[in-house]
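This is what each chain is made of:
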Amino acid sequence: MNLARAVVGRILTYVVFGLATAFFAVPLLWLVSTPFDANPGYAVHWPSTFTLHNFTTLWHNPYAPSSIENSVLLAVGTVVIVVVGAALAAYALSRIRIPGRDALLYVLLLLSSVITGTAAMVPTFLLIFQLGLIDSRFGVVLVLSGGLLPAAIFLLKDFIDAIPRSYEESARVFGASPLQILRHVVVPVARPGLATIAVWTVVQVWGTFLTPFILLSSTDKQPASVLVNTFYTEGGSPNLGLISTFSLLYSIPVVLMYLFAWSRYGFRFHGGIKS
Amino acid sequence: MAVEGLTKEFPGGVRALDALDLSIADGEFFALLGPSGCGKTTLLRTIAGLESPTGGSVRIGERDVTALAPGARDVAMVFQDYALFPHMTVQENIAYPLKIKRQPRAERAHRAEDVAAQLGLGGLMPRRPAELSGGQQQRVALARAVACHPSVFLFDEPLSNLDARLRLEARTFIKRLQRQLAVTTVFVTHDQAEALALADRIAVMDAGRIRQVGTPRDVFRRPANTFVANFIGSTPMNLVPGEVRGTGIAVAGATLPRPDGLADGEPVTIGIRPEYLPVLADEQDGTFTGEVSIVEHLGTSSLVTVDVGGELLGGVVPEGEEPDQGARVWLRPMPGRVLVYRAEDGTLVA
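Those protein sequences? They're chains P and W, same order as listed. At the far end of the first sequence sits residue 275, using the numbering used here, and the numbering has no gaps. At the far end of the second sequence sits residue 1350, using the numbering used here, and the numbering has no gaps.
Because the hints were derived from the structure by calculation, they are not lab data. One should not assume that every hint holds.
[What the hints assert, rightly or not] In silico SDA-like cross-links for lysine to any residue, where the CA-CA straight-line distance does not exceed 25 Å:
(1) 1099(W) <-> 1087(W)
(2) 221(P) <-> 57(P)
(3) 1099(W) <-> 183(P)
(4) 1099(W) <-> 182(P)
(5) 1101(W) <-> 179(P)
(6) 1099(W) <-> 57(P)
(7) 1175(W) <-> 1106(W)
(8) 1101(W) <-> 1133(W)
(9) 1175(W) <-> 1217(W)
(10) 1101(W) <-> 183(P)
(11) 1101(W) <-> 221(P)
(12) 1101(W) <-> 236(P)
(13) 221(P) <-> 236(P)
[Stated by the list, open to error] Partial list, computed: chain W residues near chain P (C-beta under 10 Å):
(14) 1067
(15) 1077
(16) 1081
(17) 1083
(18) 1084
(19) 1085
(20) 1096
(21) 1100
(22) 1101
(23) 1104
(24) 1144
(25) 1151
(26) 1154
(27) 1216
(28) 1222
(29) 1224
In this text, a Cβ means the ideal position worked out from N, Cα and C, and glycines have one as well.
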C-alpha cells in the first residue's frame, strides 16, 4: 500500500519536473535548431534540410555585425560606470555612518524598481535631449547606468558590509594609505561581489530594448537587441530564419561570459568571506 | 609608553575612557584586564590611533603620537580575528608591512622567511589563511606584527578564538616570544588567568577607569577594591558583609581579628579566596560553620560551597576528602589571607 503510494508520488514528482523542464527547454531547443533549418517554422524539430544560409545572409546584412559591436560598446561602457561607481559608493556607504543611510538606500532601490524605465521614459528623453545626447551611445550608457546603479550599490554594500573592518584597520596600522588599502585589501577581497555586479550589468544591458530604441535613431548605432526587431520579410511577417540565427549569435557572448565568470569567481549575491 | 588624561567619549555621550593615566616601561608585558565593555579595547585602539581621543595624550618613547596616523606610530597590532588578508599567502601576509614600507622584494622575502622560521611557520608559506588551523593563523598574525619591528606590540585578545588547550600553548609561546624580542607589549584580555600568567603588570579596568595597576602577585594577593577582588581569581572570591565589634569583626557567626584604621560599628566587606579557606571536618577556633550545599570537582581539589547562616561561602578541600552534601563542616581562614574592605566604597583597609 505504502509502496504503491511512494511509487505514484515519485511518478507525479517526475511528471511535474518534466513539464517544468520542458517549459524552459523548448524555446531553447527552437533557438538552436531553427537557424540551421532551410524551412523555419514555430515547431521544434530536427532541421529538415540542414543549411548555413541564414548565417551568410546575416554576415552580409549591413547592420547585423556592427549591432553586436554596439551591444558590446554599450555593455562595456555601462559596466565601467556601474562597477566603479557602485564600488566607491558602496564602500563609502558601508564604512561611513551618515544619518538616514539605510532609508536612503531603500528609497533609491524602491524608486528604481517601482518607477520602471518605461514610466520614466518621457522625462529621460527630455533630459537627454536637453543634454544634447540624443542619438549618442554615451547618452544610452548614462541612462542605463543610472537605472542600474541603485540596485548595484545595494547589492555591493551588503557584500562590503561583510568584509571585516579589521582587515582595513590592520593595513592602516601598518601604514597603508586609503588608496593602498582599497587596492591591496578591499578590491581583492570584494572581487567575487564586483564580478557578480559586472556580469549582472552586462546581462541587463545586453537585453535592454526600450532605452536604446528610443534614444538612438541611426540604425548603425543600434545594439543587437533593437536590430532584431527589424528582421521582417517584405510581406511584413517575421523572418524566422534570420531572427533565430541572430538571436543565437546574440546569446552566445553572454553565455560564454557567464560561464567564464562563474568558473573564475563563482557567484555570490550575498556577502561573507570564507575564513 | 605613557597615556595622560586620556578620555574618549563616543557620540551619544558614552564615556569609554575616563581621564586615564598609565605608564608602561620599556620592554614590559602589560595586560589590560576587564569585563567586556570596560573600555580596554577602546584604550588599545586609541593607542594604535584607530580611535582618536576626545582629550589627553599618548606618548610612545619620547614622541607625542596623539595626532599621528596609525601608520606613523611605529606600533603593530594583532586583532582578535587576526585580520589576515584572505587573498594573500602566508608569505605575502607576513611581508605586507614591509611592502608598505617600500622594502625591496628580495629583502621582504628574506625577512618573512626569517620571522616565519622563528615562529615555526616554515612549511606554510605558500598557503592561504583559509588553509591554516586557528593556532597557525594566530602565529601568522604574530609573525606579521614581528616582521615590521615595531617599538610597541598591541594585542587585542589574540587568544580568545583558540580552544582551551591551544590557548595554553599559545600563551606560553607569546610570553617566550615577548621575552626574546623584549618589545613593549600591551595585551588586552577579559580572561584574568591569561593576564596573571602573561603580564609583568596588569591594569584592571572597569567602566572606563583603571581600578588597580600592579604585578600579577599584587593584584591577586591584595586586590585594591571589591571589584578587582571579585574579578581576579579562577574561583570567585568570598565577599561577605561584616561589622566591626569591639576587638574583632563579626562575620557570618564568626569573629575575625580587627585591623587598625576602622571605627567601631563600621560596616565592612570581608574577602577570602576559597583557596585560603580550607574545609575542616571538626570544630576549631575562629571558624565559620555551616552545611555543605554543593561540591564541585576542580581536578586536584574540590570547591565546596557551604551555607553559613544564609551566606554561601566557598572553601577548598584536597581531592579525595570531599564532605557529603548536607554534612556540617567548619571553614578556617588562613591567617594573613583575609582582606577587609570598607563597605561604603569598597576600598581595601587591610
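Do the hints match the structure? See the list:
{"no.": "1", "hint": "1099(W) <-> 1087(W)", "result": "holds (16 Å)"}
{"no.": "2", "hint": "221(P) <-> 57(P)", "result": "holds (20 Å)"}
{"no.": "3", "hint": "1099(W) <-> 183(P)", "result": "holds (13 Å)"}
{"no.": "4", "hint": "1099(W) <-> 182(P)", "result": "holds (15 Å)"}
{"no.": "5", "hint": "1101(W) <-> 179(P)", "result": "holds (15 Å)"}
{"no.": "6", "hint": "1099(W) <-> 57(P)", "result": "violated (58 Å)"}
{"no.": "7", "hint": "1175(W) <-> 1106(W)", "result": "violated (30 Å)"}
{"no.": "8", "hint": "1101(W) <-> 1133(W)", "result": "violated (29 Å)"}
{"no.": "9", "hint": "1175(W) <-> 1217(W)", "result": "holds (17 Å)"}
{"no.": "10", "hint": "1101(W) <-> 183(P)", "result": "holds (16 Å)"}
{"no.": "11", "hint": "1101(W) <-> 221(P)", "result": "violated (50 Å)"}
{"no.": "12", "hint": "1101(W) <-> 236(P)", "result": "violated (71 Å)"}
{"no.": "13", "hint": "221(P) <-> 236(P)", "result": "holds (24 Å)"}
{"no.": "14", "hint": "1067", "result": "violated (15 Å)"}
{"no.": "15", "hint": "1077", "result": "holds (5 Å)"}
{"no.": "16", "hint": "1081", "result": "holds (6 Å)"}
{"no.": "17", "hint": "1083", "result": "holds (4 Å)"}
{"no.": "18", "hint": "1084", "result": "holds (8 Å)"}
{"no.": "19", "hint": "1085", "result": "holds (6 Å)"}
{"no.": "20", "hint": "1096", "result": "holds (6 Å)"}
{"no.": "21", "hint": "1100", "result": "holds (5 Å)"}
{"no.": "22", "hint": "1101", "result": "holds (7 Å)"}
{"no.": "23", "hint": "1104", "result": "violated (17 Å)"}
{"no.": "24", "hint": "1144", "result": "holds (8 Å)"}
{"no.": "25", "hint": "1151", "result": "violated (13 Å)"}
{"no.": "26", "hint": "1154", "result": "holds (8 Å)"}
{"no.": "27", "hint": "1216", "result": "violated (28 Å)"}
{"no.": "28", "hint": "1222", "result": "violated (36 Å)"}
{"no.": "29", "hint": "1224", "result": "violated (33 Å)"}
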